[in-house]
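K.L.:
Below, each chain spelled out in residue letters.
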Amino acid sequence: MLKITEGSYAVAEAVKLCRPQVIAAYPITPQTHIVEALAEMVANCEIDGEYITVESEFSALSACLGASAAGSRAYSATTSQGLALMFEVCFNMAGLRLPMVMTIANRALGAPLSIWNDHQDTISLRDSGWFQLYAEDNQEATDLHFIAYKVSEDHNVLLPGMVCFDGFILSHTYEPVDMPVQEEVDGYLPPFTPYHRLDAGDPISMGMYATPEYYMEFRYQIQQAMEQAGKTLVAAGKEFSEHFGRDYGSLVEGYRLDGADTALIAMGSVCGTIKDAVDEMRDAGRKVGLLKLRAFRPFPEREIVAALNNVNTVAVLDKNISLGNSGAAGTEVKAALAGSGITVLDYVIGLGGRDVRKRDIARVVDLAEKGEGDMFYGLRTEVL
Amino acid sequence: MRELRIHGRGGQGSVTAAELIAVAAFESGVYSQAFPAFGVERRGAPVQAFVRFSDGRVRLRSQIYEPDYVIVQDSSLIRNGGVFDGMKEGGIAIINTEKPPSDIEAPAGVKVITIDATSLALEVLGVPITNTTLMGAFAAATGEIRMDALEKALRERFRADLADKNVTAARRAFEMVGGAA
Amino acid sequence: MMQVEGKCELFEAGHRACAGCGPALAARLILKAAGENTIVVASTGCMEVFSTPYPETAWGVPWIHSLFENAAAVASGIEAAIKQQGRSEKVICVCGDGATFDIGMLCISGAFERNHDITYICYDNEAYMNTGIQRSGATPLDASTTTSPAGKCSLGNKRPKKDLPRILAAHGAPYVATASISYPADFVKKVERAINTPGACYIQVHAPCCTGWGFDPGQTIAIGKLAIETGLWVNYEMVDGVVAKAKKVRRKPVEEYLKAQKRFQHLFKPTPKTEEIAKIQAMADANATAYNIDIKLKQERQ
Amino acid sequence: MPLTIGCAARPGKARRNLTGSWRVFRPVFRPEECTKCGLCATVCPEGCVIETEEGTFIPDYDYCKGCGLCAEECPAKAIEMVQEEK
Chain A
1 MLKITEGSYA
11 VAEAVKLCRP
21 QVIAAYPITP
31 QTHIVEALAE
41 MVANCEIDGE
51 YITVESEFSA
61 LSACLGASAA
71 GSRAYSATTS
81 QGLALMFEVC
91 FNMAGLRLPM
101 VMTIANRALG
111 APLSIWNDHQ
121 DTISLRDSGW
131 FQLYAEDNQE
141 ATDLHFIAYK
151 VSEDHNVLLP
161 GMVCFDGFIL
171 SHTYEPVDMP
181 VQEEVDGYLP
191 PFTPYHRLDA
201 GDPISMGMYA
211 TPEYYMEFRY
221 QIQQAMEQAG
231 KTLVAAGKEF
241 SEHFGRDYGS
251 LVEGYRLDGA
261 DTALIAMGSV
271 CGTIKDAVDE
281 MRDAGRKVGL
291 LKLRAFRPFP
301 EREIVAALNN
311 VNTVAVLDKN
321 ISLGNSGAAG
331 TEVKAALAGS
341 GITVLDYVIG
351 LGGRDVRKRD
361 IARVVDLAEK
371 GEGDMFYGLR
381 TEVL
Chain B
1001 MRELRIHGRG
1011 GQGSVTAAEL
1021 IAVAAFESGV
1031 YSQAFPAFGV
1041 ERRGAPVQAF
1051 VRFSDGRVRL
1061 RSQIYEPDYV
1071 IVQDSSLIRN
1081 GGVFDGMKEG
1091 GIAIINTEKP
1101 PSDIEAPAGV
1111 KVITIDATSL
1121 ALEVLGVPIT
1131 NTTLMGAFAA
1141 ATGEIRMDAL
1151 EKALRERFRA
1161 DLADKNVTAA
1171 RRAFEMVGGA
1181 A
Chain C
2001 MMQVEGKCEL
2011 FEAGHRACAG
2021 CGPALAARLI
2031 LKAAGENTIV
2041 VASTGCMEVF
2051 STPYPETAWG
2061 VPWIHSLFEN
2071 AAAVASGIEA
2081 AIKQQGRSEK
2091 VICVCGDGAT
2101 FDIGMLCISG
2111 AFERNHDITY
2121 ICYDNEAYMN
2131 TGIQRSGATP
2141 LDASTTTSPA
2151 GKCSLGNKRP
2161 KKDLPRILAA
2171 HGAPYVATAS
2181 ISYPADFVKK
2191 VERAINTPGA
2201 CYIQVHAPCC
2211 TGWGFDPGQT
2221 IAIGKLAIET
2231 GLWVNYEMVD
2241 GVVAKAKKVR
2251 RKPVEEYLKA
2261 QKRFQHLFKP
2271 TPKTEEIAKI
2281 QAMADANATA
2291 YNIDIKLKQE
2301 RQ
Chain D
3001 MPLTIGCAAR
3011 PGKARRNLTG
3021 SWRVFRPVFR
3031 PEECTKCGLC
3041 ATVCPEGCVI
3051 ETEEGTFIPD
3061 YDYCKGCGLC
3071 AEECPAKAIE
3081 MVQEEK
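Here the protein sequences come in this chain order: A, B, C and D.
Residue numbering for the first sequence is 1 to 384, as defined by our numbering.
Residue numbering for the second sequence is 1001 to 1181, as defined by our numbering.
Residue numbering for the third sequence is 2001 to 2302, as defined by our numbering.
Residue numbering for the fourth sequence is 3001 to 3086, as defined by our numbering.
To be clear, the hints were calculated from the coordinates, so they are not data collected in a lab.
Treat the hints with care, since some could be wrong.
[What the hints assert, rightly or not] Capping the alpha-carbon separation at 27 Å, the derived lysine-lysine pairs in DSS-like fashion look like this:
| hint | chain 1 | residue 1 | chain 2 | residue 2 |
| --- | --- | --- | --- | --- |
| 1 | C | Lys2189 | D | Lys3036 |
| 2 | C | Lys2259 | C | Lys2247 |
| 3 | B | Lys1099 | B | Lys1111 |
| 4 | C | Lys2259 | D | Lys3077 |
Take these sequences, add in the hints, and give me the full structure.
P.N.:
Take a look at the structure:
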């Protein structure tokens, strides 16, 4: 049913519908509304699960790791510094091949301290073995939770997943969301069946150490699981559209790419602004389109190559910066399109909550068409 | 798509006003989007909140720079400047003040509606919280939200006795501005 | 006398601990006490490494290792999960003193404050043995380790051991105990009591390390006994924050304990550091008073 | 054997590792002097001292590392450590 609600509450409602058994989370701006709502749901027995009020994000994810290992569906949410504090557990959980879903209300990393949105937090964990999905709006943020649990718990995948949605820009925005009912979600997302679990009836040792004779093979296994996650995401996204009518059957989403000379590439909520800007530019006769990356891990290289085979120029908008190199998506798109003859330019944009307007998108396209790029876009040169 | 910018002070309920106007708009049959100017402002500091209204899903995520409508929760905010920035020709500004519209220095082409929301809120609610009153004025002045939809939104947000008072405040403002408009 | 179950050890032979390893004995005794209906959560450390090189696990019960410092948080999640699932297993953390006293304090404090139904057992060998004998918050005063070496200007570790049992008792832990592998029956009894006490319980078991402390592997039990007989280690129980029982001894001078270990040799050679030894003796005396451990002879009482 | 997902393993595999090869000194048990107290089995860090049908004890030399704790702690002094090779 379509209802108007805050993004955080939509996510909390989606999480509730996924029937989490153990929730462990630590409050941090701008994630707080999600965990407050979940705590209330547990307090009112709307969620039949345990809510652990941990003393740090590090413990939040550690507790989720334990819960998942014991065979329960686990959930957490965090952002920015909280995610950074989880760094070690993130790698560990993926290596242990324990499923769970975590919502990230994307936020910049300090210093300087910033509570505002960019993607530096999750991008910094792209190598951790978690699959990463980025939502454009609160409908997508809601829906991706059902898909993420299904994929994470699939025995061919067994990797944890992050559903990333932009802090404040989505988390604190009221807008209409079509929220499924419990029966519909139950029909799509089966109960968690652990591949193996800590169980005195069938003992197993988890988290052993691997000597050089084994370590690489275990890492290769995770890499294969990540590739499988791509396929399972597509399948689960298609199945989702059969159940709910909204299609997530691709790791990327093209918008008005037909006949486009210049393609923008972006992730998250800025894609909405870009779509409006593309419409205006198309109305003005400019051949511009958008390729939205819904998944950043696994990286949808094949899909990107296929979607962009007719464009001349690609402008990648990165709400992150790999300091000492360039934006993460820009670097990877360049690698994906190497040898294609397509010019790929990277624009670091919207860091730390800097607003991105339609006119900024148009200016980026201007720059790209002139061949100017690989830059921080929109710097206030007067303060430099 | 039409856009509303609300100017207020921390603690005056600007964010709640934006949310409830968005809810009422949705109930009135349009797609709406409400969000605050995300900040760390404390009580008393100038704050902004935004609402968009559209016949289709709202995709735009930037802040609002060229509003069709402005609500000013406290006329003292005018002297700081900026409340009318970027307002569209034919736009409507709803200002909480005892003064008549002619006393407000607004850009040409902007229709100014004034309402003494503070006195009305004090009379009906017993506290100078003006956001629900201004929502009623907004409904009457713009037609973006129906009064019955606003009433529904208020009743969903506030518990029974408080809801009654807020509905009364909104309705009184709606009638006052409706009469004037 | 304890039951002997040579053929069905839950902590199996084939592990790679040093010959004469105190912690290995602790692990065996823990599982003897806890039995099969147990989930063990381990920290990174000596025991984890010597017992679980893939795929050769020595653990006959469900066992998980995540990181160095998060065992108590992982256990919190496991406990919540099995409670939610209506299962009956007991959750036990088995972690070294580095993981417990130092890097894991945050997670432990949180888990104890929330009072999860877990038993946290610290096998205390008084330094980071896995990485080559570096000091921890559990290293005793004047012990020479690789990061607190005795030297021309140093007498070894500068501070006495942190009083972790009292810190955890102050969290409201219903049962806190210290034990020693040198008194296996007592240790086993305490583990049984802890796992059967609802809430977060703590046991700190003294587990001498022949390699790190510098003594002959055959002396592991004897060294542990000397720690108790000199009053430098006290075996006691705290129930709801109150010391309920402490093992009484006829105390020996601390020199007997110190002299037997290489880590304290600098207190005797080249010349005896009498004043420093007196400080350590004073610590033992203070322990004796605090826990009332001295067995008094009849004449003395008169 | 294919790798287990997540570097996990079932119990029983440590016993593949025959730590008896570490031994330099071997405990020799003299059952005739044994008081059957079982302390040797209790204190063995390997858990490789086994009770016989007679109630006396023998070490499992496949795993015994020769630490000598059993000999040291035996109240009857019924265990002697002897060098493996001279």
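K.L.:
Given the hint that Lys2259 of chain C pairs with Lys3077 of chain D, does the C-alpha gap stay at or below 27 Å?
P.N.:
OK: Lys2259 of chain C and Lys3077 of chain D at ~25 Å, within 27 Å.
K.L.:
Is Lys2259 of chain C within 27 Å of Lys2247 of chain C, Cα to Cα?
P.N.:
The hint holds at about 23 Å.
K.L.:
Compare the distance between the alpha carbons of Lys2189 of chain C and Lys3036 of chain D with 27 Å, and conclude whether the hinted pair is satisfied.
P.N.:
holds (22 Å)
K.L.:
Compare the distance between the alpha carbons of Lys1099 of chain B and Lys1111 of chain B with 27 Å, and conclude whether the hinted pair is satisfied.
P.N.:
holds (15 Å)
The structure is consistent with each of the numbered hints, conforming to all of them.
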